[in-house]
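J.: Go ahead and model the full structure; you've got the sequences and the hints to work with.
These protein sequence lines are chains X and C, in that order. In terms of numbering that gives the first Met the number 0, the first sequence opens at residue 0 and continues consecutively. In terms of numbering that gives the first Met the number 0, the second sequence opens at residue 0 and continues consecutively.
Don't take each hint at face value.
What the hints assert, rightly or not - Calculated pairs, DSSO-like style, for lysine-lysine (alpha carbon to alpha carbon, straight line, at most 30 Å):
{"no.": "1", "chain 1": "C", "residue 1": "K22", "chain 2": "X", "residue 2": "K49"}
{"no.": "2", "chain 1": "C", "residue 1": "K22", "chain 2": "X", "residue 2": "K222"}
{"no.": "3", "chain 1": "X", "residue 1": "K65", "chain 2": "X", "residue 2": "K49"}
{"no.": "4", "chain 1": "X", "residue 1": "K49", "chain 2": "X", "residue 2": "K61"}
{"no.": "5", "chain 1": "X", "residue 1": "K61", "chain 2": "X", "residue 2": "K222"}
{"no.": "6", "chain 1": "C", "residue 1": "K140", "chain 2": "C", "residue 2": "K96"}
To be verified - Simulated restraints, written as ranges between beta carbons of each label pair:
{"no.": "7", "chain 1": "X", "residue 1": "L124", "chain 2": "C", "residue 2": "P28", "range": "34 to 42 Å"}
{"no.": "8", "chain 1": "X", "residue 1": "D312", "chain 2": "C", "residue 2": "S1", "range": "15 to 23 Å"}
{"no.": "9", "chain 1": "C", "residue 1": "G9", "chain 2": "X", "residue 2": "E66", "range": "45 to 53 Å"}
{"no.": "10", "chain 1": "C", "residue 1": "I13", "chain 2": "X", "residue 2": "L7", "range": "29 to 37 Å"}
Keep in mind the hints are simulated off the structure, nothing from the lab. Beta carbons are placed, not taken as given, at the ideal position from N, Cα and C, and that holds for glycine.
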Amino acid sequence: MDWINLILIPAIKSVILVVVLLTGFAYLTWVERKLIGRFQQRIGPNRAWKFGLGHPIADALKMIFKEETIPNYTDKILFALGPGLALAPSLLIFAVIPVGPTLRMFGKDIPFVVADVNIGLLWVLAVGGIGTYGTVLGGWASNNKYSLLGALRTSAQMLSYELPMGILIIALLLTTALGTADGSGTLNLVEIVRMDRPWWLWAWIWLAFPLYFICMLAETGRKPFDFPETENELVAGYQTEYGSIKFALYYMTEYLHVLGASGVAVSVFFGGWRGPFVEQFPGLGLLYFTIKLLAMVFLFIWASASVPRPRYDQLLKFCWTFLFPAALIYMAITAVGVVLL
Amino acid sequence: MSYVNEVFRGAVAIAQAFGVTLKALLSSPLTVEYPEQPAAVYPRFRARHELRRYENGLERCIGCMLCEAACPTGAIHVEAAENDPEHPTSPGERYAKVYDVNLMRCVFCGDCETACPVEAVVLGHDFELAVYNRAGLLLQKEQLLNPKAPNVVVRAE
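T.: What follows is the structure, given as structure tokens:
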């Protein structure tokens, strides 16, 4: 058995990825607080260390050392399981996202993706779906009306918005049939990123981006669609009863979802790690991916600063009467186009 | 058709919202970093009392006790004494030997200031009044004559 290729290298890659993601998460909170501050003409956190860069560390320490309480009236096993069940899938999404081209290191070709699997996008959808369980179970196990309402809202919102999102992804997968040699298309994110597409196909794909972005906002439960927690209606939604590190895990999940969704969107819509001169210097791919990812995260934060939260019925109405038909029309036109071409 | 119109208008409204926030992002923050930077106060702002002097160094207060009489809460206590003709403390016949202000009672109404015939007592701009014990709020003449800021506060009117 070739244990170096099968176990050692993927293990090292996943350890690096997890460490980078978890530090990235901490500083993403800093970036968000700073940016939101500037959007509101404030300065944002600036007390701990230079530019407030010590705040994420202080927050992490505070969270860890807080008293951990499990209320008596909760379902204790599910209560403890919830945050983990939410966090693990949000980390797993990144397994199939190519963060860079294949690099030659230590005499081996090392692709910059943890799992180069042919069901890439399906994996993203499936794992993202499991992530909903963490939220719903957490809210259910808390045995608290606010938590339960938050959890119910989450499940309805996720299910509704997964539909237009899935249809848009189907349309995008249809376009990959134009790029593969045998014309059968691919689900593999590594191949989707590598694919050369003519400019009119890019333009057509980008046309779907605003719709997809709205779906992403709802799926990650970010403002303006932060119905799972809606603090002015539901205290804190599904995480009302959580404290200490369990609360931090939910918090982490939210930001990792943002990173994961951004990674997927960058790979599908904006060519992942590709950019000028990346053929000559493969290392640049990593840089391009990071820049594109940060731009996408900026878009998330910008949206949360700009748009107020709609009412809950408006959220569902918008999904079923506008987003879903629009996605269907988009997919139909794409399908016809792909068949004709 | 009206539905398409509505969708279009909504999209334009959201784009406008994005524009507003982007403009805010590109302008500089309005925050005053207060403990590091001084906070601006209005000219008529009334905070801690100050006893002023003339330019030649003589105290303005002549110990007439009108401020004590005018004070609605009894926060001011003045005891007057005769000036030494050789070394006068104030230009008049008398000066304030004791001038105490109890900031726990003071309501910063400014009546003492209005009552004062020689513009000696002024409610200045020093609003950082927090102290660690009650004694710190009982101000005596020395503290009122030597406020932290230079003795130049003049009301606009």
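J.: Which of the numbered hints are not met once you compare them with the structure shown?
T.: 10
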